[in-house]
Amino acid sequence: MKRFGMPALIGISFLICIVPSWLGWFSNYIQFIITLIGINIILTVSLNLINGYMGEFSVGHAAFMGVGAYTSSLLTVYLLTENPFFGKAILPEELSILIFPISLLIGGVAAALFSLLIAIPSFRTRGDYLAIVTLAVNFIFKSAVENIDAIGGPRGFMGMGKVVKAMDNLVSFPWLIFWTFLVVVFSIFIIRNFVNSTMGKSIVAIRDDEIASELMTVNTRWLKIVAFMLSCGLAGVAGGLHAHTVTFINPSSYFILQSTYILVMVYLGGMGSLSGSVISAIVFTILLELLRPLDVWRWVATPLLLIILMLFRPTGIMGSRELLDVFPKLKKYFSSLQERLTNAFIKS
Amino acid sequence: MPLLKVDKLTHYFGGLRSVDNFNLELSENELVGLIGPNGAGKSTVFNLVCGLYRPTEGSISFNDNNLIGRYPHQITSLGIGRTFQNIRLWNELSVIDNLRIAHFSQIDYKLLDSLFFTSRMVRDEQKVTEEAMDLLDKFNLVPYVKELPRNLPYGIQRRVEICRALVMNPNLLLLDEPAAGMNQGEIGELINLVRWVKDEFKVTVWIIEHQMRVIMNICERIQVLDFGSIIAEGTPKEIRDNPLVIKAYLGEEVT
Numbered sequence: 636m637k638r639f640g641m642p643a644l645i646g647i648s649f650l651i652c653i654v655p656s657w658l659g660w661f662s663n664y665i666q667f668i669i670t671l672i673g674i675n676i677i678l679t680v681s682l683n684l685i686n687g688y689m690g691e692f693s694v695g696h697a698a699f700m701g702v703g704a705y706t707s708s709l710l711t712v713y714l715l716t717e718n719p720f721f722g723k724a725i726l727p728e729e730l731s732i733l734i735f736p737i738s739l740l741i742g743g744v745a746a747a748l749f750s751l752l753i754a755i756p757s758f759r760t761r762g763d764y765l766a767i768v769t770l771a772v773n774f775i776f777k778s779a780v781e782n783i784d785a786i787g788g789p790r791g792f793m794g795m796g797k798v799v800k801a802m803d804n805l806v807s808f809p810w811l812i813f814w815t816f817l818v819v820v821f822s823i824f825i826i827r828n829f830v831n832s833t834m835g836k837s838i839v840a841i842r843d844d845e846i847a848s849e850l851m852t853v854n855t856r857w858l859k860i861v862a863f864m865l866s867c868g869l870a871g872v873a874g875g876l877h878a879h880t881v882t883f884i885n886p887s888s889y890f891i892l893q894s895t896y897i898l899v900m901v902y903l904g905g906m907g908s909l910s911g912s913v914i915s916a917i918v919f920t921i922l923l924e925l926l927r928p929l930d931v932w933r934w935v936a937t938p939l940l941l942i943i944l945m946l947f948r949p950t951g952i953m954g955s956r957e958l959l960d961v962f963p964k965l966k967k968y969f970s971s972l973q974e975r976l977t978n979a980f981i982k983s
Numbered sequence: 029m030p031l032l033k034v035d036k037l038t039h040y041f042g043g044l045r046s047v048d049n050f051n052l053e054l055s056e057n058e059l060v061g062l063i064g065p066n067g068a069g070k071s072t073v074f075n076l077v078c079g080l081y082r083p084t085e086g087s088i089s090f091n092d093n094n095l096i097g098r099y100p101h102q103i104t105s106l107g108i109g110r111t112f113q114n115i116r117l118w119n120e121l122s123v124i125d126n127l128r129i130a131h132f133s134q135i136d137y138k139l140l141d142s143l144f145f146t147s148r149m150v151r152d153e154q155k156v157t158e159e160a161m162d163l164l165d166k167f168n169l170v171p172y173v174k175e176l177p178r179n180l181p182y183g184i185q186r187r188v189e190i191c192r193a194l195v196m197n198p199n200l201l202l203l204d205e206p207a208a209g210m211n212q213g214e215i216g217e218l219i220n221l222v223r224w225v226k227d228e229f230k231v232t233v234w235i236i237e238h239q240m241r242v243i244m245n246i247c248e249r250i251q252v253l254d255f256g257s258i259i260a261e262g263t264p265k266e267i268r269d270n271p272l273v274i275k276a277y278l279g280e281e282v283t
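Residue numbers (our numbering), protein chains in the order written: chain A, 636 to 983; chain B, 29 to 283.
Pulled out of the complex, with its shape left as it was, chain A reads as follows:
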């Protein structure tokens, strides 16, 4: 049976998200929401790798996102635009189409390197240690950025709008949605491959029983650091996208509130469920937007909904299952390599 499921799914979502935006059928607001959904999917899926699959508890995802956001937007603004922070542009605007994805990548790398600093001491022990350290990371990031006046300090940083406009002027295309879409597909692709390979699935074994994993030759320390860096790197890329979407960032954008949102989306979707993460990111983002008319009462209504969810479905929407476990008939279109191999050997 051919596995045309994934390409088909990607094609359909491409048609739904990008083509109408390109043709101008979607208003700017709808495009903004679609981008936001994409960014939230990346954040949720990547945090699920740590909190869901690996069973550690990280509460500082927004800080890593912030590192990526600041790095990439500093880069693009510094290189491409005339701005009050750095003065004249260094490169011509025409290069923006090229520089933008590169800056995203560099933002991701920066976030991954930052997470390495956190991971090395945190993963020496298991348990609440990582939670405490990552909680502190939120504050470290915020205070650090607030005290660097060259990049705006607490007043924030802007100018990314010009970069996006420059790209649009050059070739009229919904670039932000396009790149967000690509990163979403990329994130889901690599995380799905990772957790379905023997190497990556070992992080589930670590969650289950770390000592047994270590004694069954799994290099737990290396694997935990690698998974953490992977997750935070993706958060950094998402941060870069976010910064260019909202075009104005300040240190508080990437503080505990944002970290909490990401956590909520992970738990809403279900720990260790990729499809759950995607669903919950979509549902939660749209929900927040729908509740916008409530104004301040939004912060009452949203937690209330969450409390109701936790009362009636404490494992989240999907639990630890994937969409495929709910609809087993679809399995033949989407099944992972390991499943196919197992089935092949059982039959023979």
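Heads up, some of the hints might be wrong.
Unchecked claim - Below 30 Å or equal to it, Euclidean Cα-Cα: the simulated BS3-like pairs (lysine-lysine) are:
(1) K155(B) to K982(A)
(2) K964(A) to K155(B)
(3) K966(A) to K155(B)
(4) K966(A) to K138(B)
(5) K797(A) to K723(A)
Note that these hints are calculated values from the structure, not bench results.
Following the hints, complete the assembly by docking chain B onto the known chain A.
Below, chain B without anything else, positioned relative to chain A:
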């Protein structure tokens, strides 16, 4: 040349001496038992060998590799398989995944291969699955391949765990109370299984056990541990008649 050589091994938990001057030489294809009352330090010896604890004094070498100061995963990758007193299978993962993950040190592909689904990764996964299925087949576990371990009967779980410990092609197999919680029928099966494993996979088996039926039946040599030090060593028959062992287990005779 001995396969495993433990020399003057001593270990303290804080101020408590848990293992005291423990010596052992294991040669190839031997079946050696380690017995002793509860809290004698038997499992501690295993944990010291596996690198979970760091000995205060003494040396451990395996196949001429010094084991002191290495991480547990490095030690077991050298060819030491182990099972646990309370079965420690990964209960969230199917039986086949349990075996696949134990291949961790044997997979050749790199991190990027697993992220980007390269042909090298596919080839390797195929090899891993094939080996795992072969091993499961030898243990007659193929019907349970997709089950979660916690849903399996106790005896089967034990079998899966021994099977998993053989994945890294060990020269030495450490069995920590494999018969714990088993009924007489299951113990009989286990005795046959251990003997078969030793011959089939050419491993040296080092076994901790409380069930005398197992120990006396299969071990060629037995060591008795009490309060961390060896109080007797010899063939099953010698151990059975040793007054020190009887004293450690049953207390002193009333005269």
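Evaluated hints:
1. Taken as a hint, the K155(B) and K982(A) pair is honoured in the structure, with Cα atoms around 16 Å apart against an allowance of 30 Å.
2. Taking the CA atoms of K964(A) and K155(B), the gap is near 28 Å; set against the 30 Å cutoff, the hint holds.
3. Distance check on the hinted pair: K966(A) and K155(B) sit about 23 Å apart at the alpha-carbon level, within 30 Å; holds.
4. The straight-line distance between the Cα atoms of K966(A) and K138(B) is roughly 28 Å, inside the 30 Å bound, and the hint therefore holds.
5. Our distance criterion of 30 Å between C-alpha atoms is met by K797(A) and K723(A), whose separation comes to about 13 Å.
Going through the hint list in order, the structure satisfies each hint without exception.
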